[in-house]
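*Asks:* With the hints as constraints, model all of the structure from the sequences given.
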Amino acid sequence: MTEALLLSRLQFGFVISFHILFPAFTIGLASWLVFLEALWLRKREERVRDLYFFWMKIFSVSFGVGVVTGIVMSFQFGTNWAGFSSAAGNVVGPLLNYEVLTAFFMEATFLGVMLFGWQRVGHRTHFFATCMVALGTLISTFWIISANSWMQTPAGYELRDGVFYPVDWLAIIFNPSFPYRLAHMVLAAFLTTAFVIGGISAFYLYRGKFPEKAKICLRCALVFVSIVAPLQIIAGDFSGQEVRENQPAKLAALEGHWETGSNVPFVVFAVPNEDAQRNDYAWQIPHLGSLILTHSWGGEVKGLRDFPRDQQPPVTIPFFAFRFMVGIGVLMLLISWYGLWKLKRGTVFDSRWYLRAWMAMTPSGFIALVLGWWVAEVGRQPWVVYGVMRTAEGVSANITSGSVLGSLITYIVTYLLLFGFATWYLIKMLRTGPVPAPPRARTIPTAARPLSLGDEEMGERP
Amino acid sequence: MSAAEILPVIWYFIIGFAVMMYVLLDGFVLGIGILTPFADHDDQRDLMMNTAAPIWDGNETWLVMGGAGLLAAFPKAYAIVLSALYLPILAMLIALIFRGVAFEFRFKAHRSRWVWGVAFAAGSLITAFMQGLILGALVEGMPLTGGKYVHAQAFAWFSPFSMMTGVAVVFGYALLGATWLILKTEGRVQRIAFDLTRPLMLAVIAFMLLVSAWLPFVNSHLMDRWFTWPNFWYLCPVPILTLINAAALWVAVIRNRETEPFVLSLCFFLLGFIGLVIGIWPNIVPPSLTIWQAASAPSSQLFVMVGAFIMIPAVLGYTAYSYRVFRGKIAADAGYH
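Here the protein sequences come in this chain order: Z and W.
Numbered by the working numbering, the letters in the first sequence go through residues 1 to 462 in order.
Numbered by the working numbering, the letters in the second sequence go through residues 1 to 337 in order.
If you are wondering where the hints come from, they were derived from the structure by calculation, not from laboratory data.
Just so you know, not all the hints are guaranteed correct.
[What the hints assert, rightly or not] Footprint (simulated), chain W over chain Z, 3 or more residues, beta carbon under 8 Å: (1) 77-83; (2) 95-105; (3) 376-387; (4) 392-400.
In this text, a Cβ means the ideal position worked out from N, Cα and C, and glycines have one as well.
*Replies:* Okay, here's the thing in structure tokens:
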């Protein structure tokens with residue numbers, strides 16, 4: 001039983017960490033496609049349309065992997081977490097169902113028109129389809145973050161016989177952590193995409209390929225990051241305030257604070273020692289912890305020792321994941337602001353080392369994003385619904401550890417294959433690059449059949 | 001009648017509708033996959049896949065709707081069924097993964113192209129078989145002890161009946177796929193589809209008879225409603241219509257009609273599904289978990305019902321729109337290149 005629990009946790013962590021990479025990337029990429037197509041509709045420049053087609057192909061592969069790994073998620077709650085589903089289905093189920101109803105269908109349907117409809121619908125209709133896909137990704141983010149946030153900061157429910165009953169839907173959807181976490185996640189997704197766009201464009205410039213097109217992309221990515229990276233740091237700070245208030249044990253874990261006190265230091269580096277309930281090899285800056293967390297010199301911060309051992313989250317993963325995430329955030333800020341200065345001086349596209357810095361930062365958003373989720377999810381332990389229901393109570397009672405071990409290995413093998421092939425095809429597309437896209441035919445040749453009346457409408461529209 | 005009595009009934013139909021939409025829409029896409037090995041060469045396989053490429057994703061979403069709907073409206077049923085059928089669900093999900101990415105990867109690949117041809121065919125076949133197996137296991141029932149399914153055996157779903165329903169669904173989806181190809185293609189591919197439709201039709205009729213004959217011997221008393229007097233008289237339009245439908249389908253195929261076979265195959269599935277839904281009612285997990293016992297809180301069901309009543313018509317609207325955009329015979333160079 002405990003083995004099935006541990007394996008189910010590992011499996012959930014693995015399939016969700018893998019899955020989130022793709023939606024996060026496509027959330028940003030869909031909005032980027034909206035931007036590119038709008039730009040093309042205004043300016044009608046060939047190179048912008050080429051860029052649109054190039055990123056659309058990358059989008060389609062990423063979205064495909066996101067869809068199939070997402071279906072796994074929607075069944076995972078039932079297969080491995082039947083206890084959680086039975087207890088919290090009343091609350092979480094409707095939120096997930098709203099995600100399907102308001103987002104998944106829209107994304108999936110208009111995706112078809114976006115990918116295959118270029119020759120079949122008017123330009124404006126095509127643009128509308130792109131917008132619907134992008135809107136779908138954002139609506140989907142809204143619901144899934146709402147559901148996850150409710151598990152972090154449950155509200156608007158009452159508990160009867162171990163089952164959650166909804167009392168106030170608005171309080172459930174807009175639970176205390178939701179607005180901060182939604183902002184943090186959407187900005188993270190945008191940053192992730194911006195660094196892929198900027199990194200790949202820097203690669204082209206570095207190699208002297210597609211210079212005109214790559215300059216457009218890198219400039220956009222650079223300016224975008226220089227605005228969004230500081231916003232993200234502010235959003236992260238707000239999120240931290242919220243965690244201090246609602247999930248003090250998580251905050252203590254990610255900060256590595258064992259003792260409650262005012263004037264707490266900021267732990268720059270340490271090796272958290274859970275057995276001894278203290279940090280080893282700590283290197284810390286006095287007062288800075290209180291300053292960051294409470295925005296005052298002597299603010300009080302709760303320490304982990306205030307919580308019984310069986311209510312403490314694991315410390316090592318949140319502690320280090322948080323530090324790396326923040327470090328990446330700072331790097332993002334530095335590279336973009338320095339780039340702004342270089343952009344002003346006109347030297348940004350010729351600086352070899354600066355282009356290499358962007359290339360190196362290509363995966364930075366993905367790494368920060370996954371680390372951030374590890375902070376959030378490992379930090380929530382040992383609870384599945386924070387403070388109310390333990391993760392151990394959520395696991396399915398009637399699954400064997402053998403089954404779960406088998407499924408975990410199957411998922412690992414399958415996802416590694418998926419990741420390998422997806423990466424390989426993405427590299428192939430990068431090698432081809434934003435080559436000229438096909439011109440739009442005025443009519444569609446169908447296989448051996450005269451054009452029907454409907455087909456003739458498909459020429460260029462005013 | 002109170003909300004707690006009415007809402008589960010409404011939700012039984014909403015989820016029934018979602019599952020039916022899934023079976024009809026993804027059924028033909030999975031059918032295409034099952035039939036791709038019968039194509040002469042790779043260009044024909046591309047063509048077959050391209051008939052569904054713009055719409056498969058939307059079709060598959062009905063499965064997610066069914067799953068999320070079950071979690072929202074009948075969380076107990078969701079928890080029991082999915083955890084009890086752990087391994088078949090796993091196999092179905094893995095197969096769906098390979099089937100789904102094949103649409104994207106096959107057209108990006110060169111040397112590894114064959115891999116995604118195999119993945120598409122095998123993924124579709126295994127998905128169909130597993131869905132049939134899951135259906136069979138559900139029909140056979142999951143007896144509960146004290147409100148819980150305590151059967152901790154990983155292979156409790158294995159039985160001759162569930163194997164048979166697995167094979168039956170493979171043939172059923174293949175029929176949907178073949179008639180879809182008749183509708184959407186021309187020339188050689190259409191000929192292949194016509195030639196496949198006749199034996200598939202016979203097989204599906206045979207399986208329907210076999211299932212009907214076997215059901216009275218299944219422990220879950222699923223079909224008691226069908227075989228008690230006077231119910232049979234009220235319900236007899238369903239089997240009669242099924243027979244008429246089978247005859248009409250046969251005639252349409254013999255006469256080389258292009259549209260009717262697909263429509264009639266959909267109706268065939270629809271009638272079978274209605275028969276099943278009547279049999280299972282009022283249980284959500286046969287033999288004994290009723291929709292009222294498994295229901296989520298009335299507030300939860302009401303909250304999503306409002307969304308479902310607004311959004312499902314909208315979804316149907318833009319689904320119809322996308323089918324209209326991609327109507328007509330598929331062109332050899334369809335795609336976004």
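*Asks:* For every hint, state whether the structure bears it out.
*Replies:* Going down the list of hints, with the structure as the test:
| no. | hint | in the structure |
| --- | --- | --- |
| 1 | 77-83 | holds (count 6) |
| 2 | 95-105 | holds (count 9) |
| 3 | 376-387 | violated (count 0) |
| 4 | 392-400 | holds (count 5) |
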